[in-house]
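Following the hints, put chain A in place on chain W, whose structure we already have.
Which chain is which? The protein sequence lines are W and A, in order. Heads up: the first sequence is residues 1 to 274, going by my numbering. Heads up: the second sequence is residues 1001 to 1290, going by my numbering.
Keep in mind that the hints were calculated from the coordinates and are not lab data. Possibly wrong hints are sitting among the right ones.
Calculated lysine to any residue pairs in the SDA-like style (CA-CA distance at most 20 angstroms, straight line) [claimed, not checked]: (1) W:K104 - A:P1016; (2) W:K114 - W:S98; (3) A:K1186 - W:E163; (4) W:K114 - W:W13; (5) W:K262 - A:E1187; (6) W:K104 - W:E163; (7) W:K262 - A:Y1202; (8) A:K1186 - A:L1205; (9) W:K114 - A:Y1227; (10) W:K104 - A:Y1257; (11) W:K10 - A:M1281; (12) W:K114 - A:G1100; (13) W:K10 - W:V20; (14) W:K114 - A:N1274; (15) W:K104 - A:M1281; (16) W:K68 - W:F231; (17) W:K114 - A:K1186.
Computed Cβ-Cβ distance ranges for the label pairs, DEER-style [claimed, not checked]: (18) W:T100 - A:V1027: 45 to 55 angstroms; (19) A:T1061 - W:G166: 54 to 64 angstroms; (20) A:A1064 - W:P189: 17 to 27 angstroms.
No residue lacks a Cβ here, since even glycine has one placed at the ideal position from N, Cα and C.
So the chains spell out like this:
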Amino acid sequence: MARTVPTGTKLGWTIAAWIVALLIFFPILYTIVTSFKSETEAIAGFNLVPSGTLESYREVQSQYNYFKPFMNSVIIAVGSTILALLVAIPAAWSMAFSPTRRTKDILMWMLSTKMMPAVAVLVPMYLIFRDWGLLDSRIGLTVMLMLINLPIVVWMLYTYFREIPGEILEAARMDGATLWGEIVYVLTPMAVPGIASTLLLNIILAWNEAFWTIRLTTTNAAPLTAFIVSFSSPQGLFWAKLSAASTLAIAPILVLGWFSQKQLVRGLTFGAVK
Amino acid sequence: MATRQTRTLARFMMLPSVILLLVWMVVPLAMTLWFSFQNYNLLNPANVSFGGLFNYRFFYTDPAFFQSIWNTLVIVVGVLLITVIGGIALALLLDQPIFGQGIVRILVISPFFVMPPVAALVWKNMLMHPGYGVFADIARAVGLRPIDWFAQYPLFSIILIVAWQWLPFATLILLTSLQSLDGEQKEAAEMDGAGPVSRFIYLTLPHMARAITVVILIQTIFLLGIYAEILVTTNGGPGYASTNLPFLIYRTALLGYDVGGASAGGIIAVVLANIVAIFLMRAVGRNLDR
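If we strip away everything but chain W, and leave its shape as in the complex, we get:
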């Protein structure tokens, strides 16, 4: 039952919440604002009203060829997620619908691979990448991120698949559906929302991954994370350009993220909090 709240109280909470929210959002807001300033404006002291110039955006493209790292990010994030889904869907499927005594152990073991610190295998991975000519290649990085996110993908899919009632399968079987028919006509339509959420969350995670993407690329395959790092030792005035590059780098994922709030909780807590 909803309680009726006096408007005065609600107004008080509203003001408090908006102040806190705007403070937290401020660094992002200020980055967006600064991206529309000129370089001299950007260091001229605090000012929330930009002149609205698009100079920085033009320069980020013309001087630094922004489009290339952007495309690398898209290819690597989307590619690794789709690869992971292809491998994970059958596995999650069989664990959800045909579990054995060992299913739980396998799931826990998969989760445990996620806890291996990246630095612990930096040396061997670097040497393998070097020897196989995979350094600074999109393929190498795509496979790498696929492996990193595979446990999360399996887990997320598993928690979604597990919610599909098994009776539906039995009914389909009674009606003479083959395993293939069962998968294509009965389960797939029910699984699509779960698969879509998994896809979304993992694109976000892969897009923002900032260890392997930085260490295993230099120029050719460098995605946006590595591109932004190159701004850490700049010459001359660069804040407006940094802001423009940053805004472009985070905007698509920010929008995706807003749509996937619920899935985020579920996916990142491995179903422990829903």
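Below, chain A alone, put in the same frame as chain W:
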């Protein structure tokens, strides 16, 4: 009949994932373990020899090692304190009746979607810059001397940036948990005369305990591996003041070309992460039984 066939097929459907993860876990880790006992420097690759525990002893006696372990722990604990306490406060605030709740939520969770190098560079330059940053502007406006954050408080500055990135995660999960609290229970407690403070301590907090545990454990896994934020802000300095274990290993491996030493450090990082992992697995495993 069909069921046995289905079951066999189900086993096969699991194989690709299991094999990939098995290879991914075993091969590099075995290599790291092997290298950690070798004297192996990339500048002198022809001269590799068995070093026994030399690398571990070398790492152990290096003063930077203890500092980096200490820094790693300070970062983890510092960020956890800020995000868990802040997250609880924010979740309670966002759970109140608010005009425009959807937009407030979006604003609050946004930092989580900002990639680490962007977050760190924006904070370093536009907020914390001692000359032109917003913090310096504020300091001057109230008549104080601007602080040179990364020179004077390098570790704290990094904690601040990382906490900003993870506060939304904690808030979102704690809010989700808070909203699953039964409204009738709250009303019953209220009718029994429980004040807001005792309601929070005896009803809300126990209800959120599980979510808080999950937040702490998951964040710890990620916080143990903080890297990009340090790389673009302090580069581990001044000296080793803001070098954590991952950063020290990176330095040893790719700047010092010392494969053996970096591998020994990697094994130590694995041990550290495993201690945390055991607790997390228990918490998540309990959920599976439900």
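Given the hinted pair K1186 of chain A and E163 of chain W, is their alpha-carbon gap at most 20 angstroms? Answer violated: K1186 of chain A to E163 of chain W is near 29 angstroms, above 20 angstroms.
Does Y1257 of chain A lie within 20 angstroms of K104 of chain W when you go C-alpha to C-alpha? 41 angstroms, violated
Taking 20 angstroms as the top limit, are the C-alpha atoms of K262 of chain W and E1187 of chain A close enough? 26 angstroms, violated
Check whether the Cα positions of K114 of chain W and N1274 of chain A lie no farther apart than 20 angstroms. Holds, because 11 angstroms separates the two Cα atoms, which is no more than 20 angstroms.
Compare the distance between the alpha carbons of K114 of chain W and S98 of chain W with 20 angstroms, and conclude whether the hinted pair is satisfied. 24 angstroms, violated
20 angstroms limit on alpha-carbon distance, applied to hinted pair K68 of chain W and F231 of chain W: 16 angstroms, holds
For the pair supplied as a hint, K114 of chain W and K1186 of chain A, confirm whether the alpha-carbon distance does not exceed 20 angstroms. Violated: K114 of chain W and K1186 of chain A sit about 38 angstroms apart, past 20 angstroms.
Quickly compare the C-alpha distance for K114 of chain W and Y1227 of chain A to 20 angstroms and report which way the hint goes. 17 angstroms, holds
Need the status of pair K262 of chain W, Y1202 of chain A: alpha-carbon distance at most 20 angstroms? At roughly 27 angstroms apart (the allowed maximum being 20 angstroms), Y1202 of chain A and K262 of chain W break the hint.
Can you confirm whether the C-alpha distance between K104 of chain W and M1281 of chain A stays at or below 20 angstroms? 11 angstroms, holds
CA of K104 of chain W to CA of P1016 of chain A, is that 20 angstroms or under? 17 angstroms, holds
Does K10 of chain W pair with M1281 of chain A here, judged by a C-alpha cut-off of 20 angstroms? This hinted pair is violated, its Cα atoms lying about 41 angstroms apart.
Comparing the model with each numbered hint stated earlier shows that hints 2, 3, 4, 5, 7, 10, 11, 12, 17, 18 and 20 do not hold.
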